[in-house]
Amino acid sequence: METEKNTRKLDRKDILGIKELSVEEINLILETADSFLEVSTREIKKVPTLRGKTVINLFYEASTRTRTSFEIAGKRLSADTVNITASTSSVVKGETLIDTARNLESMNPDIIVIRHSAAGAPHILARVLKQSIINAGDGAHEHPTQALLDMMTIKSKKGAIAGLKVAITGDIAHSRVARSNIHGLTKMGARVFLAGPATMMPYGMEKMGVTVAGRIEEAIEDADVVMALRIQTEREKQCIFPSLREYAAHFSLNKRNIGLARKDVMIMHPGPVNRGVEISPDLADSASSVILEQVTNGVAVRMALLYLLAGSGNA
Amino acid sequence: METEKNTRKLDRKDILGIKELSVEEINLILETADSFLEVSTREIKKVPTLRGKTVINLFYEASTRTRTSFEIAGKRLSADTVNITASTSSVVKGETLIDTARNLESMNPDIIVIRHSAAGAPHILARVLKQSIINAGDGAHEHPTQALLDMMTIKSKKGAIAGLKVAITGDIAHSRVARSNIHGLTKMGARVFLAGPATMMPYGMEKMGVTVAGRIEEAIEDADVVMALRIQTEREKQCIFPSLREYAAHFSLNKRNIGLARKDVMIMHPGPVNRGVEISPDLADSASSVILEQVTNGVAVRMALLYLLAGSGNA
Amino acid sequence: METEKNTRKLDRKDILGIKELSVEEINLILETADSFLEVSTREIKKVPTLRGKTVINLFYEASTRTRTSFEIAGKRLSADTVNITASTSSVVKGETLIDTARNLESMNPDIIVIRHSAAGAPHILARVLKQSIINAGDGAHEHPTQALLDMMTIKSKKGAIAGLKVAITGDIAHSRVARSNIHGLTKMGARVFLAGPATMMPYGMEKMGVTVAGRIEEAIEDADVVMALRIQTEREKQCIFPSLREYAAHFSLNKRNIGLARKDVMIMHPGPVNRGVEISPDLADSASSVILEQVTNGVAVRMALLYLLAGSGNA
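Residue numbers (this note's numbering), protein chains in the order written: chain A, 1 to 315; chain B, 1 to 315; chain C, 1 to 315.
Note that these hints are calculated values from the structure, not bench results. Misleading hints may appear alongside valid ones.
Covered by chain B, according to a simulated footprint, are these stretches of chain C (three or more residues, beta-carbon under 8 Å) [claimed, not checked]: (1) 48–61; (2) 132–140; (3) 194–206.
Heads up, incomplete: computed chain B residues facing chain C, CB under 8 Å, no partners named [to be verified]: (4) L37; (5) K45; (6) T49; (7) R51; (8) R65; (9) E71; (10) I72; (11) P272; (12) V295; (13) T296; (14) V299.
Quick reminder that beta carbons are idealized off the backbone N, C-alpha and C, glycines included.
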């Protein structure tokens, strides 16, 4: 393991999106993540890899799982982790994002992990700062670490991604998870089908190399993987869809419609799950669900990225 | 010390309440805490005991002292500590407590410390998760680490708990501190007297093995220990009592009524103190007050629990 | 470096303000900071100096840069750092500042860093607690670590502070940064000129050994250093000045008025900058601006103070 990790390097400063990653880079990240998976199951879950490195988690949007996952990943690599959340930050004092970033840069961190409601915010930081930037979700644009952990989960269960049929269902329009996964899965050779309410399906998705299904059943049929996206219930009042109930009636994954998929179908969800909305409770807890493996792999993927960016002589 | 710690183990996964702990278990915890007390007074306040262990502090209610106490306890044992507070967590996104917990579980922590406004929340987690759960306060139910630090404080000052008269005064009905202490102190052989306004005294407390005093003077008379509970002033508007002033006039501990107790009476309070409400300022700062020793012992008790659950080959 | 650091000590428990520091003390702090500056540029940015020490950051006011700077400083010295912010603290439960402090004291931290909206809050803590207190900003009173990092920045660029002309412009009345810098810079032998709107200039500033300029041009003329203070835009509604636009028209630093200063003038700002208000964007980003060096030096100054108070056998 050590040998492999020390000889192959990621030749980029930042992880901003899956769009710009090559198949080789994705494979390197997934293999590195595989090798870190075991650290979290040891008696002593800690390696000295990033001792003396500083990782700043700069979160402009609330998040439990992603921030905690990055924080745990950093700590298990022995990095110093510093959390900054918008509510306690100087953004309330009217400082620009770039000024905040330059200030953090001046404290000599090694990596800044940023989540921001504005698409492109991490890219601005990456252009301006000498440090490595990891996009932890920017608006409805990309969420690359989520797609990487999703691909890691698929690969570990199915052996390979190429040739699989993957259905992504729900609110495609507002989902950075969908966008990152579409980039990644098509690159890796999967056939991706999208299904969702018309108001949640952007025009021209076919240009991304996917098939837009007329009905959810068409997407699910013979699928190897079905990934339900989160409905942001706080958007309900914006009238994108009439009611959660109506959404659930047509687009919830359940024991009935999942019967159309392959017997060994994997059911995925980026979380947090609205039970009974995107997915029926029994299905979320079924043997087909890999929702919790996704979370476990998330820590490993983030350890891999922190290591590849800051720990392999790259930073 | 090391020998003793390594040979005796706590044979349980979780610390949910004092109710289910045996006298032997309480003694083991208190003795282990005694041995950790000294760590916090060293030049280098840190032992490698829990290196590579992850402790998550999951707080659904605001808290300075308890969260900080657990965080310091974890850090002095070299554990990686991660704080999650409700205001920044995905609870705002509508995820169920169990889903949140299962997600955290999937990141392979060793211990989850939880405070929640709902009685029983830690028990749900304990049933569902393979990790150790420590209840840091659940609704009006239990606050076991508070009772353990209270018992540690009493034992260190009085030598033993058995045979002592302990008065607990104030809002018994809403106090998890009272409930945990009643379980613990009666188990350990103390005679417990309760006193408080009728609206704050639940029916049938005698079944817990305590005496409900008609007047506060009856509870205090000849007491070895008097423990004043916190009045949650934010409840005043709920009309449980007419005014803080009236409460103080009848139930505040002061130099006058404390004269009824034994000369060497110990005065305790779980904090934060509303000075002039539960206790007069001069008494809170008097030589009889052990309020700050309670806080010091709190760190030691929490170190002991983290150690016994995660560090003694138990986890 | 080690020799020097081990032989000279700061003979005080707390850092509450620049007013009470001697020139020798300021020089010791600045020299110690210089020696720590290099740690943050190493491959492994961490020294074991404060291993097993506990530093509590107790922030009653929002702050990104100062809290983060202290946290990074503590972590790079291997201290355990614990953050407490007012919004999640027991202050909401009505506890007094002294009681909160005494409680923290009882958990045996080594240093408490406090920011508070009330002038004098750190001084109360310093009197009551045995631990070292560092003032991270108290009301409009002092912000000593800011002045120290400012002096460090001036000294590193100009070689010495004595004899320099320093202009401080803007909201003098509400600025703890101004007050601390006036104390420090005059002590170190600089000639300090103040300029700002009449409503923002307290009477009798001359008693502090400075010159109050009638017009901003008078302050800037031939200045070696120009320090623009932050306008707290949230105060605008209090009618201290008619509008940001009007303020900017008269008091913003820009390419034009800065032409009056010396060719090698240094432009400083404590941040966060309101671009176009206190300082024009082109000037903030010009070669004359040392705003980001100030931030870098901030980490070094805070490392120095943590070290001098807790790490040199002083604590």
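Hint-by-hint comparison with the structure:
no. : hint    : in the structure
1   : 48–61   : holds (count 5)
2   : 132–140 : violated (count 0)
3   : 194–206 : violated (count 0)
4   : L37     : violated (10 Å)
5   : K45     : holds (5 Å)
6   : T49     : violated (13 Å)
7   : R51     : violated (13 Å)
8   : R65     : holds (6 Å)
9   : E71     : holds (6 Å)
10  : I72     : holds (5 Å)
11  : P272    : holds (3 Å)
12  : V295    : holds (4 Å)
13  : T296    : holds (5 Å)
14  : V299    : holds (5 Å)
Of the numbered hints stated above, those contradicted by the structure are hints 2, 3, 4, 6, 7, listed in ascending order.
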